[in-house]
Every structure is written in C-alpha cells, then in structure tokens.
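> Below are the chains, spelled out letter by letter.
Protein chains: 2
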Amino acid sequence: MDDLYIQVKRFVEPESVAMIGVSSRTGPGSFNGMENLIACGYRGRIYAVNPRGGEILGVKVYPTVTDIPEVVDLAVISTPRGAVPGIVRECVARGIRAVAIITQGFADADQEGKKMQAGIIEAIRGTGTRVVGPNTLGMVNSFADFNTSFVTFTNRPAANGVICQSGIFMAGALDFTAGAGIGIDIGNTADIDFADVLTYFERESRVRVVNLHMEGLKEGRRFMEAARRVARVKPVLCLKTGRSEEGARAASSHSGSLAGEDAVYGAAFRQAGVIRVNNVGEMNELNKTFMTYSSMPGKRVAIVTISGGAGIALVDALSRQGLELAEFSRETLDALAGVYPQWMEVGNPADIWPAGMSKGYLPIIRLALEKVMEDPGVDAVACITPSYLEPDRDPLDVTGALKEAARKYPDKPLAAWIFGPHRRAWAQRLEEEGTIVTYSSPERAALGLGTLYSYHHIFKDAPSPAGIDLPGFDASGIEKLLLTAGERGKEILGMQALDIVSCCGIPTVRSIAASSREEAQRAARELGFPLVMKLDSPDVSHKSEAGGVIVGLKTAGEVAEAFDLIMQSAAEKAPEARVEGVLLQECRSEGAEVIIGARRDQQFGPVMVYGLGGIHTELFRDVSFRVAPVDTGEARAMMAETRSFGILQGARGQEPADLNALAEAVARLSSLVSSFPQIAEIDINPLLAGPGGVVALDCRISLAR
Amino acid sequence: MDDLYIQVKRFVEPESVAMIGVSSRTGPGSFNGMENLIACGYRGRIYAVNPRGGEILGVKVYPTVTDIPEVVDLAVISTPRGAVPGIVRECVARGIRAVAIITQGFADADQEGKKMQAGIIEAIRGTGTRVVGPNTLGMVNSFADFNTSFVTFTNRPAANGVICQSGIFMAGALDFTAGAGIGIDIGNTADIDFADVLTYFERESRVRVVNLHMEGLKEGRRFMEAARRVARVKPVLCLKTGRSEEGARAASSHSGSLAGEDAVYGAAFRQAGVIRVNNVGEMNELNKTFMTYSSMPGKRVAIVTISGGAGIALVDALSRQGLELAEFSRETLDALAGVYPQWMEVGNPADIWPAGMSKGYLPIIRLALEKVMEDPGVDAVACITPSYLEPDRDPLDVTGALKEAARKYPDKPLAAWIFGPHRRAWAQRLEEEGTIVTYSSPERAALGLGTLYSYHHIFKDAPSPAGIDLPGFDASGIEKLLLTAGERGKEILGMQALDIVSCCGIPTVRSIAASSREEAQRAARELGFPLVMKLDSPDVSHKSEAGGVIVGLKTAGEVAEAFDLIMQSAAEKAPEARVEGVLLQECRSEGAEVIIGARRDQQFGPVMVYGLGGIHTELFRDVSFRVAPVDTGEARAMMAETRSFGILQGARGQEPADLNALAEAVARLSSLVSSFPQIAEIDINPLLAGPGGVVALDCRISLAR
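Chains as they are written, first to last, in our numbering: chain A, 1 to 705; chain B, 1 to 705.
What the hints contain is simulated information worked out from the structure, not anything from laboratory work. What you were told as hints is all true, and nothing was included just to trick you.
Since copy identity is lost for identical chains, a pair holds within one copy or between any two.
Restricting the straight-line Cα-Cα distance to at most 30 angstroms, the calculated cross-link-like pairs of lysine-lysine (DSS-like) are:
#: 1; residue 1: LYS554; residue 2: LYS573
#: 2; residue 1: LYS408; residue 2: LYS460
#: 3; residue 1: LYS299; residue 2: LYS234
#: 4; residue 1: LYS115; residue 2: LYS359
#: 5; residue 1: LYS359; residue 2: LYS114
#: 6; residue 1: LYS299; residue 2: LYS408
#: 7; residue 1: LYS218; residue 2: LYS9
#: 8; residue 1: LYS9; residue 2: LYS460
#: 9; residue 1: LYS359; residue 2: LYS60
#: 10; residue 1: LYS234; residue 2: LYS403
#: 11; residue 1: LYS9; residue 2: LYS114
#: 12; residue 1: LYS460; residue 2: LYS299
Extracted from the complex, chain A is given alone in its bound form (with noise of 0.2 angstroms):
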C-alpha cells in the first residue's frame, strides 16, 4: 500500500476528479461544486458523473464513475445519501485510491445513517481506498487552485495547513487563520483522521503552522503520536469544541464525535505538545503569529507606544503571559532622553508622545524602534500606535517606519497594536511584506509573543517522554495476582490490591491480614503498636461508613475488642458482603495524603490522575490528568499543575515532601496499568507523601469485565 504521504496528497493534489452527483443546476445559490473547481483555475482533468449524462458546464457527463475512461486520483461524491454506498463500492471496484464524500446524514444522523457510514468502512477495508467524510466540504489546496467545496468564497495561499471537522474552517479560512494553504474537512472522520493529514503535512514543507478544530477524537493516541511529532518541527494549533457539558452533547450530534473530557483533552494536547487556542480569534493571531516570526531570541519585551494608558494595558498582558518588560541599555535610554521633555522620565513602555508632539511623530518613532530594536536587552518590541484616519490622510501614518525596522531586524520580532476605527487598512498596509503581525489588542499582542516565546524556548527545550526504567517493577508477580484476586470478583481490595501495588515497586504500609481474634492478636505482636484495624472483605469498599475502621489501637486487648467490634458492625452494616477479616497495618501519619490513580478513557486509553486528598479532589476538583504512561519529569508537571502543589512544597513550615518518590509512584503506576489492560480503575488513596519517601495505605482496583 502507498504510505500515507502519498495516500492523503491524492486528496489535495490530484491530477484527475471524478465529481460524482454533479448538479445541472449552476450560478450563485446553486452549490455546485463542479463550478467553483473550474472557477478556482484547478489544472487537471475534471470528469462529471450523473446518471443523466449530457453536459455540464461543457463538460461531459458519465453515467458512472466506472465509464470514465481513466482511473482518476480523486473521487468526489455529492449525491443523496442512499446512492453513496454503492458509488462508493464503485469507485473501489475501478481502483480509485481516494473518495471525498460530501454528503451529509451519516454518522452525524440517524441510526440507518450510522449504519451506512459503518457500511462505508467496510467496503474500503483493506482496498487502499481512502475516505474523506462524509458530511465535508472537502478539501481546498491554494498552491495547486484546487479546491473541492460546493461554496464560494476567497482564500489565499497562506503557509498553513487547517484540519477541521466543520466546514467552515475551511470556507472562513481568510477570517480564521489568513487563509489555508492546504486544508482538508475531515467531516465525519469514518476512514481519513487527524493523525493521517498531520502525518502529511509533516512532510508538506510549504505548510509552516498546522490549524486543527476538532470536536472529538476517535483514536486518541495515535493523534498524539503523530501531533507529537509534527510539533517538533513545526506548531501545531488546536480549537477544540464542544468543551461545555451541552457543547459535547452537541457535537456528537453534529460530527458523530465523541467528545470525551475536555480535561482529558487538555493533558493530551499538553503531552504532545499541541497549543490550545480558546477561540477562534487566538487561532487567527496565532498563526499569523507562526507564519510571521520566526522565533524569538528570550523573553524581555520593549514597548514602543503613542499612549501612556495603552502602554499600561500591555504591561498587564506581558506581565499574564510571563514574559519581562525589557530594560533599555545606557544608549537607549540616552537617545529617548535627547528628545523626550525635559520633565519626562525614560524608560519602559517608552511612551513616545510628548516627544512626537513637539519634534514630529515619525521621525520620534523611527528613532525609538531603531534604537529599541538595536538594544542587546531587548528580545522583541511591540509597537502601539493608532489609526484615527485611513493610513493615507493621517498625519500619524507610520506603518512605513514600522515596516522598515522589521526588514533591518529580522530575527527579533516587531509586533504592531493598531487602534482606532481603520486598524483594518493599517493592519493590511502593515502585513503586506509578511514581517509584522497585527494584534487586534494588548492581550492579543501579549498572546502571540508569549507564545511564541514558550514554543521556540520551553516546548522544543523538553525532553522527549523518557524510557520509564523501573527496577524492581515484578510483572510476573502482578499478573499471578491479577489471576487469582479476578477469580474473586471485579474489584479488588485490601491485602490483595496492596500486594499489587507492592509489586510495582511502590512501598506500602506493612499489613497482615487476619481473619479471627487470635490471628490479629498475633499480626498485631509482629507488627507492633500503635495499630489500624480496617474490615477485610471484596464487597466493602466505604469501609469507614461500614464501621470497618479502628485506628490507635495500643494493646493486644484493643486489638481484639477492636475485631470484635468490626465483625460486628459488618454483619449488621453490610449483611450480605463477604467478610475476610481484618487487616492490620501500623499507624502511619508523616506527610501529606494524596491521591494517584488511573482509569480508561474511550479516546485515550489508560489515563493517570493525582490530586491531593482531602477537600482538595473532593470539593475543589484540583486534579491534573495525563495519558500514561507518564515519566517521572512528567509525573512532577502534574503535580506543579495542582493549585494544592504548595502544600508538598513545604507551605505553611512544613517539612518538604519527597517528590522524587511521588513522582516515580505515580510513573510506576502508569507503567502498571499500560501493561495490564484489564486494569480497568485503579485508585491508590491516601498515598502519604511525606519527607521520608511515599507509602500506599489503601488501593482499590476494579477490573475490566
């Protein structure tokens, strides 16, 4: 079979089309595809289909797509939805390697719609035929002026690539990310994925920045996998929808996605380096962003502004985004002090007015960026200046000194803050030689550079996810555990989760189990005092709501008047529960009680959770996820993401907890359940971090059925 390079540039470079479905009906309001693909100027071979023959549009038509004298690249299907599984057996039958199917009423429909997308997918299977859709405009490529969408509307040949589960993202490409170089709607995502186009545009060196709106992912790790490795070498940039309890309803109804967690989402985009836009401006100012800079040199911004206020708003931004106001050197500060007011104090924001005032507006400007730009203690500048009039009528007209010193000083960028009702005709004048961005507004501006900050200088600084090396890991022993604690039922708790949890190589608190009075009499003596007693049974997971908890125990005597207690709350509490015995574990206080677990997540596998106990998970939901396996560097950026992470740090006098051991817990137990897929849960609290190491008091496990 091809390799996917060659499968997915069929869909965007194709030398012959099949339109399959062509209306007759052409002119404005007539959505005819056939139309705007001749219109857009597409050099290759345009074949029409439709049962009716005749001509559209001077072009011939076939009956079917199997009169076609050649087997084209590309077939694009755009009939009612009935006829499409049979074109589609068709279009496999002639040998034709990619098949966009338009149409919509699919997966995103009814069930009769679901079945025939399933339909779909097995008709292609195993042909090397690949599917774009259904439900899609289809694909638009500005480099070949190819374009497949049954609308019209104008785009330009921007260095991106778009990947987008509804339409208009690639119709509304100029508004959303300047245009799309390359862009392909994945619509119902049946065959054709995002890793499959990003795995293409890895390779697509005309695209520079990749755009992905996504509602949900099918396939969760292999996106990661192949996000991971675009984004090493060029940013990829994600709007996910449908983030909203109600928008996740909605988008499975209109894409066939499943949503998932958008918290789940967010630790996956994390992991694989994806930049998460919120909306649909960020996206825009971002790329722009990417297509523009291309990087920058650290993170000390100066600020050249008309306007003492404005200044002040992007100080406020830069200070959010992380980045440093610069300070000008001795020359810099010696220039703006020879023509600023004697009474002016200089400085960062340099605040250009008073001295534009009196001496000139541009030739006040074209100094300060000049000499902020040369400044070795500044690594980009962003510039605020306003658009009360149309660029040519203003007297404040400086969008060419701004353009002039982006030429002389490529390798800082120069950011622009345009205000004011003509921003739009500034911003284009501006733009125009591709080396200023444009921000719509200071938090925008602040956006941009920060971000472009961490991608150059954080996220191809990191580290690729470590080899997990995990002495004294005992798969042999877990999975002999696994078999005989599974025999018993799904969950499993106490001693036997323990056990488990001890053959990771997580230390746990020394248990004996006992199942009369004179057993834990005697656990109790190797023990030692002071003591827990828990109830012991498969069935009793709230043990402390079931009486099954007697902590302080201090003597032989507590010890047994403590059995008898428990046994005797379960039988009146839990009837029906099958009761073991009792564990009994030293009493262990020294640290912090966290919690870390896993469980599985339709798109993404074994995911792991940690939170710290208490309030901390329960009220304020403060929890971080990530997609195991996580390494141990990882395991620590969980935990720095918890609001709560002060408290191990040491907050409040405390002794610092050992996070070395926390973190490789908490990468020993990914490793546990990436290995041991009939993991289904798995929950191990209160995990006590403390200064001395980490030790597991309690583990529950439930089991895959």
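Here the structure of chain A is known, so what remains is to put chain B in place on it, guided by the hints.
Same frame as chain A, but now just chain B:
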C-alpha cells in the same frame, strides 16, 4: 455654587471657548486644537489667546484671556507647562468657571510638575472654577459638534458617554466604543474626577451607556456612591488598567494615579454595580449591546446556525456565561422538521444548512428566525452566518432577513455572530438600523447576552444595601476600650481585643485573664475543663511560635504547670515583651475556622476581608473583599465568592455552618471599622463558624498612629 451637572456641562456644551496657547502652525501634523474645533463645525464663539497676538485661521488672537471681551464658558490651555499656573489664576480672576488643561508634565511627570499641579488646585479652591486635566485631550460632544482634541479623529454621535484617563479612548472611540457621544478625558484628575462626570451623565438623557477607562482613583467612596446611583439607571462599563504590579507602576507615572490593589477595585465595582470589562474588545461589544438592546426577558437562548460546528462553539460559550439553551416549542420543532431532511434531528441549535442547501438558504433562515423569535420559550436568538464574499456578491447574504426579524420582534435581542473575511462589511449592514449587534466571536456573543441578562435581572433586582440594624452594638463601650488599650500601644491583643469584639455583639469564647498561677487556677475552676492557655502580652502577636499556647488542659495541676511553662518560654523567647500573664479559654472546636478582618485602603478606606482559615487564605489566597460597611446580604455574597464556600455549606458530610450568624459577624465587624477610624487593621482569627453559630477565639487590632 452651580450644581455639579451645570459645572460639568460647561465643559462639553460651552457657548464660548478660549483656546489659550494656540499655535500659528496649521494643517496636517500640526496638532492644532483650534483648527480641529473649527473643522468639526462648532457653532459657539471661539477666541484664540497667544501673547504674540495677530490672527490664526481667521480668528483674532488676544494676548491674554483677560483681554477677551466676554467671560467665556470654557478655557482650553495648551501652553508650555511653566505658563499654566499663571493662566489658571487669570482665568479664575476673569470669572471663567471651566478650565481644561491639555498640557502634560504635571503629576504625570517630575517633582516640579507635581508641585505645579498642587499649585493649580490651590488657585481654584473655593472659587467655583473647575479644572479638567492636566494631561488630557479635553472633551468631545458629538451631539453639539464640539471637540477640543489636538489630534484629528473620526467619531459618530453614539448614545453613550466616555470618561477616560488616556486620550486614546476618546480619539479612538469609534473603535473602542463605537463612537463617543460625549467624552471627557479627565487626564491627571487634578480636580474633575470620575464621580463628577458620572453625576453629569446620570442626568444627560442622550447618554444611555457609560464607558470608563480607569487607571486609578483618588476618592474611592465618592466614586462608588456616584457609580451606584448612575448604574441604577444606565449601565456603567469599566476597563481598569494597571492590574499587574508592573502595570500599576506604569500607571502611576502615566497619570499620577494611585493604582491600588486590584482585588479591592474589583470588590468596589461589584458593590457599585459597575460592569468590569477585561479588555478593549469586551468594552466595544458590551457597549454596543447596551446601546442596542433594551433588555432580555429571560436567559433561554435559541441558536440558528449555518454550521453545526460553529453552533457547538456558541453552546460552550453560552454555558460558561450561565445562560440556557432554549427548548423549542412543539410548533417550532414541527416547523423545522417540515423543512429539514428526514434523517436530521430537530433541536436547538437549529442547524439550518442541510435544509438551506436543498430549499434555499434565505427562505429557510427567514422561516427559522420567525419561528424561534415567536417561540414563547425563547428569550433571545443568536444567529451564526458566514461572510464568505462581499454582501452583494454572496448568495448567502441574509442581512435583510435578520434585520426584518429584529424589527418585527423588538423585545428579544437578536444577536449575530458573523464569521468569514468580510464580516466588517456585513456588520455594517446589519447594524445600520441599530437593532442588531454583530459580535466578533461566539464568546463575545455569549458575554453580550449574559451581561445584558445579569444587568437587567440580577443587578437591577438586587436590593440596595440594607440599613444595618445591629442590636447590642455597644459603641460607647468600644470607645472606652479603645481609649484604654490605646494608651498601652499600637497593638491590641488578647482579652482587650476580644472585649471589643464582644461589644460589637459578636460572640467570643469565654476567657479569663490571670496574672499568677493562683489566679489561673481560680479562673480554670470558673471556666471548667478542658481549657486552653495563651500568653497575654501586647507585644507578642504570634503566640504559638513563642511557646505561648498550650491546649487541652484537664486539671488544676496541669493549669499550674502550663502557667509556669508559658512564663518561662516568654522569658526565653521574647525577653523584651511586656507580659501581663495568661488568658484561659474554654476549648472550642465545633465548626470551621474562618478569618474575618478589615484594613484601610488608600483609595477606599475600610475594606473587609473574609476567608476560610488555614491553607485557604495562606496558600490559596482564597479570600474576598468588600468596601465597608457591608450588610448581611453582601457578607453572604463575600462567602459565596470563595472557592472554599462548599466547606461551610456542609461538603464532606458535615453539618453546614450557621451562615446567618457568620454574615452578621461580618456586618458587625464592618460597622466597627466604619465607626472607629482609629482602627487601622483588625483580624478575628480564628472565628469558629459551626452549626450553632460563631464564636471569636482570638483577635488582633492595630490602631492608626
């Protein structure tokens, strides 16, 4: 003296203006304010003033303001700064009541400038002359063709007011606030301040929305009082810059503002009903929202969309704003089902594309809008449609249908999110009748509708702060205690502090002071066991760290021992401290520990602080603020604002705390700090809040020097 309305009106609707310091340079780039004033069509009398005399632009130039043959309504000064104080004195002497000082270099600059600004204030004191500025573009009144700006800009008579501290919000108003009906750049606010102009806007009926750009306030309470009054009759939007530490520093050098703590500003805005916006884009679109829509009957929103994917983004955004997705009536559902393809589910969002493609987009959108606007279950409609081509060329142009629907149903907002490259042109068309707002993103559309709803239904429905009736508030007792304690130092701790709290009517823990072993034992017998003993010293505020707290005393013997121990620790760890003995208190532990306190803010005076104790305040800074006094309703809102509120409400299976008692304690404490300015700071820490009420366990008061 004239009332405030008349005083401010002279600045924006003068019948005669003296332009003092006008330059003979004219034409583009000359920044000649008089030239602009003439060009904008001002119909009042203009006098130029310049010692050189002669004539400028056909206007006779008088050497001084005294030479002008009439007492003008307004003088606008733009001479070099050195001349300004003398000219202001001349204006006062001539009886001119309104003076705008354009010149920079006063409190915004060096020490010399600050002194000169103080001199100007001195010169007008008690004279009836008011000053706008210095450091301002002056005033614009587009209803009266009046504009003092030396910068040329375009504007339109929008039904709004602008008060700003940076001229860009006036000159750039067409961008920031869709124009400025009446605008005043109050610059350094040496005299005329936000509160003055707000009071003018309250009565100015052409102003329907007020927009503030604020760098800092001088008199916080005067602002709140005016803003609250105005906000009851028209929305007040505020963009506060200088939020970050760096931004605050920049602000103080820009307009000489005191930026103050951002969280306190936030609290003051909330209390005054001021709608805080986060950036200029939000200001723009919220201003338009309030200029366009009179209200919104409820919070159920219908979405009519060309794109399922875009609909999902809007659902997400609406849900974040607390709005609801409307459930369509049977009639609406049937009407849509009648035109939808059979396989498509009907609901909200109404994704009309499949129907529009087969039956024509225009008739289908017309039908959908008609049905949802009529639907009694719908309170507002948001329509999503693209601008792929210019409106006249685009077969998807539905601007007419939208305007028609908005005209026909004026009581429900019809909001539009237009995407695509031509949205400006489409927006212009949609907005020309003043019935539709075109938002730039789904987030902004949701923000617009959400804010419209909450202004009309939450803010306006909220009761005014209640008169606080506090039986048992013993003001004269407090007075006496403060006097006695004040003689002993700046800090009041222990028994004295608790006694003051008790006089406020806030329950305090039963406590007895004892200065010897024997007294301590006697006190113990009176209080009963178990007990807590605390060091009593006006010089030790962190008692625990000085070994000054022992808990769980159960016998008279333990009390004697504890007394010796505490005395010994105090002697060792705080040898300089005056030791008065110990305080014996009942052991109380029923409930959560909260901190309630107050401190004095430079701008706002006494400010209340509330937080749940422990890590919540120390580590998470999970605290809320209000400007004192607060009634119990406001105190409840303070608690509800913290993330940890759930704990008091009974999360984790505990009985909820008595929130009424807690709110009352906050109100009483706020009354204390409002009535006794000698209290600089007070903290009740902890206040135990349990199901049975509250009790103060400890308190610390700092007196103002």
